[in-house]
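Participant: So the sequences go chain by chain: A and B.
Going by full-length UniProt numbering, the residue at position 277 of the first sequence is 277; the numbering climbs one at a time, nothing skipped.
Going by full-length UniProt numbering, the residue at position 126 of the second sequence is 126; the numbering climbs one at a time, nothing skipped.
Some clues are possibly wrong.
Claimed, not checked - A partial selection of chain B residues facing chain A, derived with a Cβ cut-off under 10 Å:
id: 1; residue: Ser58
id: 2; residue: Gln61
id: 3; residue: Ser62
id: 4; residue: Ser143
id: 5; residue: Glu179
id: 6; residue: Gln186
id: 7; residue: Gln190
id: 8; residue: Gln207
id: 9; residue: Thr341
id: 10; residue: Ile383
What the hints assert, rightly or not - Far from chain B by the CB rule (all over 10 Å, computed), these chain A residues:
id: 11; residue: Arg35
id: 12; residue: Ser39
id: 13; residue: Asp105
id: 14; residue: Phe113
id: 15; residue: Arg133
id: 16; residue: Ser136
id: 17; residue: Ser143
id: 18; residue: Ala156
id: 19; residue: Leu229
id: 20; residue: Ala261
id: 21; residue: Val291
id: 22; residue: Pro347
id: 23; residue: Arg392
id: 24; residue: Ser454
If you are wondering where the hints come from, they were derived from the structure by calculation, not from laboratory data.
Here a beta-carbon is modelled for each residue, glycine too, at the ideal position from N, C-alpha and C.
One letter stands for each residue in the lines below.
Protein chains: 2
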Amino acid sequence: MSRYEQLALQLQEQISSGVWQAGDKLPSLRETVRRSGLSLMTVFNAYQLLESQGWVRSRPQSGYFVVPVLQAAHYSLPLQPLQPAETVDINAFIFNVLQAGNNSDCVALGSAFPDPSLFPQHQLSRSLIRVARQLSSANTDVSLPPGCADLRRSIAQRYAAKGMEISPDEIVITSGALEALNLSLQALTQPGDWVVVESPAFYGALQAIERHHLKTVAVATDPQRGMDLDALAQALQQYPIKACWLMSHCQNPLGASMSTAHKQQLLALLTEHGVSLIEDDVYGELYAGLVTPLPVKAWDNTGQVLHCGSFSKTLATGFRIGWVAAGQQAQAIQRLQLMSTLSTSTPMQLALADYLSAHHYDKHLHTLRRTLEQRKHIFYRAIKREFPDVVRVHYAEGSYFLWLELPTDCCATELYWRALKAGITIAPGRMFAAGEQYRHCFRLNVSLPWNTVSEAAIKQLATLIDGQLALV
Amino acid sequence: MSRYEQLALQLQEQISSGVWQAGDKLPSLRETVRRSGLSLMTVFNAYQLLESQGWVRSRPQSGYFVVPVLQAAHYSLPLQPLQPAETVDINAFIFNVLQAGNNSDCVALGSAFPDPSLFPQHQLSRSLIRVARQLSSANTDVSLPPGCADLRRSIAQRYAAKGMEISPDEIVITSGALEALNLSLQALTQPGDWVVVESPAFYGALQAIERHHLKTVAVATDPQRGMDLDALAQALQQYPIKACWLMSHCQNPLGASMSTAHKQQLLALLTEHGVSLIEDDVYGELYAGLVTPLPVKAWDNTGQVLHCGSFSKTLATGFRIGWVAAGQQAQAIQRLQLMSTLSTSTPMQLALADYLSAHHYDKHLHTLRRTLEQRKHIFYRAIKREFPDVVRVHYAEGSYFLWLELPTDCCATELYWRALKAGITIAPGRMFAAGEQYRHCFRLNVSLPWNTVSEAAIKQLATLIDGQLALV
Numbered sequence: 001m002s003r004y005e006q007l008a009l010q011l012q013e014q015i016s017s018g019v020w021q022a023g024d025k026l027p028s029l030r031e032t033v034r035r036s037g038l039s040l041m042t043v044f045n046a047y048q049l050l051e052s053q054g055w056v057r058s059r060p061q062s063g064y065f066v067v068p069v070l071q072a073a074h075y076s077l078p079l080q081p082l083q084p085a086e087t088v089d090i091n092a093f094i095f096n097v098l099q100a101g102n103n104s105d106c107v108a109l110g111s112a113f114p115d116p117s118l119f120p121q122h123q124l125s126r127s128l129i130r131v132a133r134q135l136s137s138a139n140t141d142v143s144l145p146p147g148c149a150d151l152r153r154s155i156a157q158r159y160a161a162k163g164m165e166i167s168p169d170e171i172v173i174t175s176g177a178l179e180a181l182n183l184s185l186q187a188l189t190q191p192g193d194w195v196v197v198e199s200p201a202f203y204g205a206l207q208a209i210e211r212h213h214l215k216t217v218a219v220a221t222d223p224q225r226g227m228d229l230d231a232l233a234q235a236l237q238q239y240p241i242k243a244c245w246l247m248s249h250c251q252n253p254l255g256a257s258m259s260t261a262h263k264q265q266l267l268a269l270l271t272e273h274g275v276s277l278i279e280d281d282v283y284g285e286l287y288a289g290l291v292t293p294l295p296v297k298a299w300d301n302t303g304q305v306l307h308c309g310s311f312s313k314t315l316a317t318g319f320r321i322g323w324v325a326a327g328q329q330a331q332a333i334q335r336l337q338l339m340s341t342l343s344t345s346t347p348m349q350l351a352l353a354d355y356l357s358a359h360h361y362d363k364h365l366h367t368l369r370r371t372l373e374q375r376k377h378i379f380y381r382a383i384k385r386e387f388p389d390v391v392r393v394h395y396a397e398g399s400y401f402l403w404l405e406l407p408t409d410c411c412a413t414e415l416y417w418r419a420l421k422a423g424i425t426i427a428p429g430r431m432f433a434a435g436e437q438y439r440h441c442f443r444l445n446v447s448l449p450w451n452t453v454s455e456a457a458i459k460q461l462a463t464l465i466d467g468q469l470a471l472v
Numbered sequence: 001m002s003r004y005e006q007l008a009l010q011l012q013e014q015i016s017s018g019v020w021q022a023g024d025k026l027p028s029l030r031e032t033v034r035r036s037g038l039s040l041m042t043v044f045n046a047y048q049l050l051e052s053q054g055w056v057r058s059r060p061q062s063g064y065f066v067v068p069v070l071q072a073a074h075y076s077l078p079l080q081p082l083q084p085a086e087t088v089d090i091n092a093f094i095f096n097v098l099q100a101g102n103n104s105d106c107v108a109l110g111s112a113f114p115d116p117s118l119f120p121q122h123q124l125s126r127s128l129i130r131v132a133r134q135l136s137s138a139n140t141d142v143s144l145p146p147g148c149a150d151l152r153r154s155i156a157q158r159y160a161a162k163g164m165e166i167s168p169d170e171i172v173i174t175s176g177a178l179e180a181l182n183l184s185l186q187a188l189t190q191p192g193d194w195v196v197v198e199s200p201a202f203y204g205a206l207q208a209i210e211r212h213h214l215k216t217v218a219v220a221t222d223p224q225r226g227m228d229l230d231a232l233a234q235a236l237q238q239y240p241i242k243a244c245w246l247m248s249h250c251q252n253p254l255g256a257s258m259s260t261a262h263k264q265q266l267l268a269l270l271t272e273h274g275v276s277l278i279e280d281d282v283y284g285e286l287y288a289g290l291v292t293p294l295p296v297k298a299w300d301n302t303g304q305v306l307h308c309g310s311f312s313k314t315l316a317t318g319f320r321i322g323w324v325a326a327g328q329q330a331q332a333i334q335r336l337q338l339m340s341t342l343s344t345s346t347p348m349q350l351a352l353a354d355y356l357s358a359h360h361y362d363k364h365l366h367t368l369r370r371t372l373e374q375r376k377h378i379f380y381r382a383i384k385r386e387f388p389d390v391v392r393v394h395y396a397e398g399s400y401f402l403w404l405e406l407p408t409d410c411c412a413t414e415l416y417w418r419a420l421k422a423g424i425t426i427a428p429g430r431m432f433a434a435g436e437q438y439r440h441c442f443r444l445n446v447s448l449p450w451n452t453v454s455e456a457a458i459k460q461l462a463t464l465i466d467g468q469l470a471l472v
């Protein structure tokens, strides 16, 4: 960690612990230089980083002030009972929503992907050209499971950089993390088995479960802390659970990230019941703050955690390259892939391996994280300003989603259809559960640039919400 | 059809109908020029085409002689009873065989793919570079089902050129034909349902069936004519069949291609029982002869045929781009893809669309078909020369596989292991059925160039077979 990052972390901890409270002015740059002995540039960078992450706001000629928003947003959904579902059938609705959003004229606040203009097109293009120039019968050949050795090595190196020992042999390259999730479910279950999911949960997981004829227990998940462990314990006692699926970082749709202690307790609980974890960590590289969080997999000594990752949220949505570090299930998953898609495109795997070998990725991620935090912060402020006060806005660190709650008698699916007519997509809460409990909620993608278009979209949404509230 | 192709077709028909029999000398080039009024070059090209397809052989200074091999190989497997299987479990064995063959030092006579040096690397490379240069946030975006519009249009145009009206909206781009097959099975069946497959069948289909917890009725398939329709009728009467899966052209592993009449009868039979057909046509472009055969799909008026195609056997194994023209099931298949892999790589789809738009594909296929016929013919002759006479060799037109039968008390899996030790792979018959009925058979890939390496491999196999026969 560089000096300015250390300083920013120190100040961030002081804000968290209440040393500096909302509205307080931080010590001036000059004061901090004098006190710390650091250079002016280092101190300036630290303050800028804090601002980009939404902790402070600068006022010209005045200094840096602690922002209240993060604290104000830290409230939780009420505790929910377990939600068992013998059949999961939300696919038709989700299909319609995704197809409707597949229109480039829409303001895509319902999209699951970050603004693609944030991706390093130029460098990816260079890597792909390099691969295309060297196209030969050897490297256009099908790369049977587990996938290209170079790419698996690169991914193992990234684990190693976090202090995790993952062998390239444990890694299987997949067609995005969605295939990794599907293969993991298949390796661990038979039709009719029970699986724990989050409530609310990523619709892709619910669809995969529907596709494999599984049953779910949806366990309450807190927008800040992640899955409720008491409820999980109850689920593990009451149902013959075969696998648990969740997102440990920047949970979709809530944005929740688990603390280290929370992850360790989760793993202990699952281990006690002999239940494997499918850890969907596609947002893991998009954490906020200065310290790279470790996935649950980092504490897994028995190979029961299947850690799924992807480049779709951080590099290029359309390359469709993900992976699973599958522990004990590595060989089973290779066999299942051999039966389903055989492999992902070899040139795309080679292009990614080339890109990763050039070591631009971490620098890109650093910039990407900052930009996403800045954009989210701007959207958050605009939404708080424009939307009626009864709309609750859940702001989580490190996600590019905001999760919003209308009053419970207000229907977000209705809002979805009205917004669509106005050329705006949102992701209605109905997509994120087998039941109706989130029909008053919706997810917004706040990775878009703030400009006249997005500003008009937020204002339009506010008007539509006002209209719906008037009817209730 | 060009003049030389017309002439070749005419001569081919004369050979088929017995005008010219095995060992006969065809009229000389000069005579044919005089009689037909065609140019010497046209006649020469026609004779060369016939030779490349294995109908005739030239002897220096003597002329062209009709080859006996095609006739000699036209014998059939004995009629088999229906083979029902409540569970299909050959996956572990197949996985081991495919992994063992994944070694570039082996002579890959067990491979399922044509020799990759036959693919148009240079032109594919140019298309991929063109796409890589234009990489932008728009075209690296994920291409949700049904896939890139340009590529679907190109595929629809290729159907149109055969006189088939397939809308681009009916086509779903998949991760190779294997994903198309998996999605088709899922759209048509529920776990526990019965599906008709060929006997012997492509192991990928058997694996997909195992993966989806289905039951199979394996219907006897003739190495020349394809699936036995009497046996199929029996299966349709005796079991509650939900779908029929088969290859209409160059069936893997036998090489069988159905006649037009056979295809029409098959479709009528399935229609009568309300059973959908999954027509796996990945070898459809590799037909022999001069006339492009039409798939069963061409006569489908009700949208009950799901026609699966791929570029993996004709252009590039590692691009992993296939499709299904899914008739009534087009939307169901899109939904299932949205739940499993989301989409295939966008740049690869765009690169293929670019390649197809340049209109090199038909020319490439023309050359590819000829080369494959030539190579198969050379292998066939070498095998007939080197292998003991008790080994039956099934030679089918238009496939790059040969299907061989050892005496029934001889085990081809044993031969597989011995060959592997000697650095040669074969595809043992055990891979192609849920039961043991093909344990004395094996499939050879004869798309490899004929050189000292392949010659030595065939001689080595002959020695190994001799050794095994001595033990029986």
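Participant: Measuring Cβ to Cβ, find out whether A/Arg392 lies farther than 10 Å from everything in chain B.
Facilitator: holds, 30 Å
Participant: Closer than 10 Å between Cβ atoms is the bar; does B/Glu179 clear it against chain A? Give me holds or violated.
Facilitator: holds, 5 Å
Participant: When you look at the beta carbon of A/Ser39, is every beta carbon of chain B farther off than 10 Å?
Facilitator: holds, 37 Å
Participant: Grab the minimum beta-carbon distance between A/Val291 and chain B and tell me whether it stays above 10 Å.
Facilitator: Given that every Cβ of chain B is farther than 10 Å from that of A/Val291, nearest at about 30 Å, it holds.
Participant: Hint validation: B/Gln207 versus chain A, beta carbon distance must be below 10 Å. Holds or violated?
Facilitator: holds, 4 Å
Participant: Any CB of chain A closer than 10 Å to the CB of B/Thr341?
Facilitator: holds, 4 Å
Participant: With a cut-off of 10 Å on the beta carbons, see whether B/Ile383 makes it to chain A.
Facilitator: violated, 25 Å
Participant: Can we confirm that no CB of chain B comes within 10 Å of the CB of A/Pro347?
Facilitator: violated, 6 Å
Participant: Taking 10 Å as the cut and beta carbons as the points, is A/Ser136 off the interface with chain B?
Facilitator: Nearest chain B Cβ is 6 Å from A/Ser136, so the label is violated.
Participant: Please verify that the nearest CB of chain B lies beyond 10 Å from A/Leu229's CB.
Facilitator: holds, 29 Å
Participant: Does B/Ser62 hold up as a contact with chain A if the rule is Cβ-Cβ below 10 Å?
Facilitator: violated, 38 Å
Participant: Was A/Asp105 rightly flagged as not at the interface, with every chain B Cβ beyond 10 Å?
Facilitator: holds, 13 Å
Hints 1, 2, 3, 10, 14, 15, 16, 17, 22, counting from the list given before, are not met by this structure.
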